[in-house]
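Engineer: What follows is each chain in one-letter form.
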Amino acid sequence: MNQDRIKEKLTEKFGSDILRFDSTFEGISVGVPPEKVLDVCHYLRDEAELKFDFLSFVAGIDHYPAQPRFEVVYQLYSVKNVQRMRLKAKIEDRDGNPPSIQSVTEIWRTADWHERETAEMFGIKFLNHPDPRKLLLPDEWQAHPLRKDFPLEGTEEDTPDLPS
Amino acid sequence: MGIENHLDNTVHVTNLEWFVNWARKSSMWPLGFGLACCALEMIATFVSRYDLSRFGMEVARPSPRHADLMIVSGTASKKMLPAVLRIYEQMADPKWVIAMGACACSGGIYKNYAVIQGIDRHLPVDVYVPGCPPRPEALLDGILQLHARVMKEQSIRNPRLGAIKVAGR
Chain A
1 MNQDRIKEKL TEKFGSDILR FDSTFEGISV GVPPEKVLDV CHYLRDEAEL KFDFLSFVAG
61 IDHYPAQPRF EVVYQLYSVK NVQRMRLKAK IEDRDGNPPS IQSVTEIWRT ADWHERETAE
121 MFGIKFLNHP DPRKLLLPDE WQAHPLRKDF PLEGTEEDTP DLPS
Chain B
165 MGIENHLDNT VHVTNLEWFV NWARKSSMWP LGFGLACCAL EMIATFVSRY DLSRFGMEVA
225 RPSPRHADLM IVSGTASKKM LPAVLRIYEQ MADPKWVIAM GACACSGGIY KNYAVIQGID
285 RHLPVDVYVP GCPPRPEALL DGILQLHARV MKEQSIRNPR LGAIKVAGR
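Same order as they appear, the protein sequences are chains A and B.
Counting from 1, position 89 in the first sequence corresponds to residue 89 in the working numbering; the numbering is continuous, with no gaps.
Counting from 1, position 139 in the second sequence corresponds to residue 303 in the working numbering; the numbering is continuous, with no gaps.
Mixed in with the good hints, there may be bad ones.
Claimed, not checked - Some but not every residue of chain A turned toward chain B, in silico, with C-beta under 10 Å:
id, residue
1, E35
2, L38
3, A59
4, L136
5, L137
6, W141
7, A143
8, P145
9, D149
10, P151
11, G154
12, T155
13, T159
14, D161
15, L162
16, P163
Treat the hints as calculated values from the structure; they're not laboratory data.
Glycine included, every Cβ here is placed at the ideal spot set by N, Cα and C.
Same shape as in the complex, but just chain A (with noise of 0.2 Å):
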């Protein structure tokens, strides 16, 4: 199993239109539209020769003032065949409506923790999450500290000491 065998395989279920391949000093990087991340998550992680059982860690990235400007990540490891890869999709920011995403917590049970986190951070919506409170930060707080336009020393209204 190498990059290239993943990268045939996913070609071969999904066709070439939909993902973009790209390969780092870390393995290979695929970017998927974000309503397929259901699809290829269940298809890396049960399909016989790839079982990809292992999720190392979901996490979100912003690329404001580019669109689309959020980015989910999740890196993926195969214990079986020592091989790591990582899935990447991007969100549109719609003005009124949060950018959201399908959790893969019926997938891998450990993605739960790691996109509350995002979730809070950075303000996207993982849709069918299990459990969608806040992890870290204080329950009251709405405002998402990852963000680029965040400013670093928040502010009275945004992140109280106190809850009021």
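Mind docking chain B on chain A? Use the hints.
Structural biologist: Structure of chain B alone, referenced to chain A:
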């Protein structure tokens, strides 16, 4: 054997206020309470090399109800603040606060949204010990300065106010 041999079986006269202050400063028990890396220097102050027990402070109390002194040792994040205030409120009067380290004094290098920019925004601090982290000698100096301050208090005529003003309550 002890001090009795030196008292010559007679009456000694002193100032009651001085005596109360002396009793308080000679057995001031700190709360065993560490917030960040400064706590390690605080531990070093407690153990044998620097030996805080020379000043009657060897018992770090795990329960706030037994403690007289809160050493805010390190970075207080905003999420931690309600717990810090609750512990402070549970301590019995009279009680004192030392802000140990740059973070507790002013927020230190963490000028960001998650860290309180000085614990004195919410607690009445008696002594500030700057440093990142301060050495055990610095903490000892701060404690001795607090002792000197306690000896000057008008503990009978003008006792310390028990009620503190906690923001937002």
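Engineer: A separate judgement is required for each hint: does it hold in the structure or not?
Structural biologist: Hints and how they fare:
Restraint check, A/E35 versus chain B: the minimum CB separation of about 33 Å is more than 10 Å; hint violated. Below 10 Å, beta-carbon pairs count as interface contacts, and A/L38 has none with chain B, the closest being about 33 Å; its hint is therefore violated. Because the smallest distance between the Cβ of A/A59 and any Cβ of chain B comes to about 18 Å, over 10 Å, the interface hint for this residue is violated. The interface hint given for A/L136 is met, as the beta carbon of that residue sits about 7 Å from the closest beta carbon of chain B, less than 10 Å.
Using the Cβ-Cβ criterion of 10 Å, the hint placing A/L137 at the interface with chain B is satisfied: the shortest such distance is roughly 7 Å. Given the 10 Å rule on beta carbons, the hint for A/W141 holds: about 9 Å separates it from the nearest Cβ of chain B. A hinted interface residue such as A/A143 counts as satisfied when its beta carbon comes closer than 10 Å to some beta carbon of chain B; here the least separation is about 7 Å, so the hint holds. Hint on A/P145 holds. Least Cβ distance to chain B is approximately 6 Å, under the 10 Å limit.
For the restraint placing A/D149 at the interface with chain B, the shortest Cβ-Cβ distance is roughly 13 Å, beyond the 10 Å limit, so the hint is violated. Hint on A/P151 holds. Least Cβ distance to chain B is approximately 8 Å, under the 10 Å limit. At about 3 Å, the closest approach between the beta carbon of A/G154 and any beta carbon in chain B falls short of 10 Å, and the interface hint on this residue holds. With its C-beta approaching chain B no nearer than about 8 Å, A/T155 sits inside the 10 Å limit, and its interface hint holds.
Taking 10 Å as the C-beta contact cut-off toward chain B, the hint placing A/T159 at the interface holds, the least distance being around 4 Å. For A/D161, the suggested interface contact is upheld, since its CB lies about 5 Å from the closest CB of chain B, less than 10 Å. Because the beta carbon of A/L162 sits about 5 Å from the nearest beta carbon in chain B, less than 10 Å, this interface hint is met. The interface hint given for A/P163 holds, since its Cβ lies 7 Å from the closest Cβ of chain B, which is under the 10 Å cut-off.
Hint compliance for this structure: hints 1, 2, 3, 9 are broken, all remaining hints hold.
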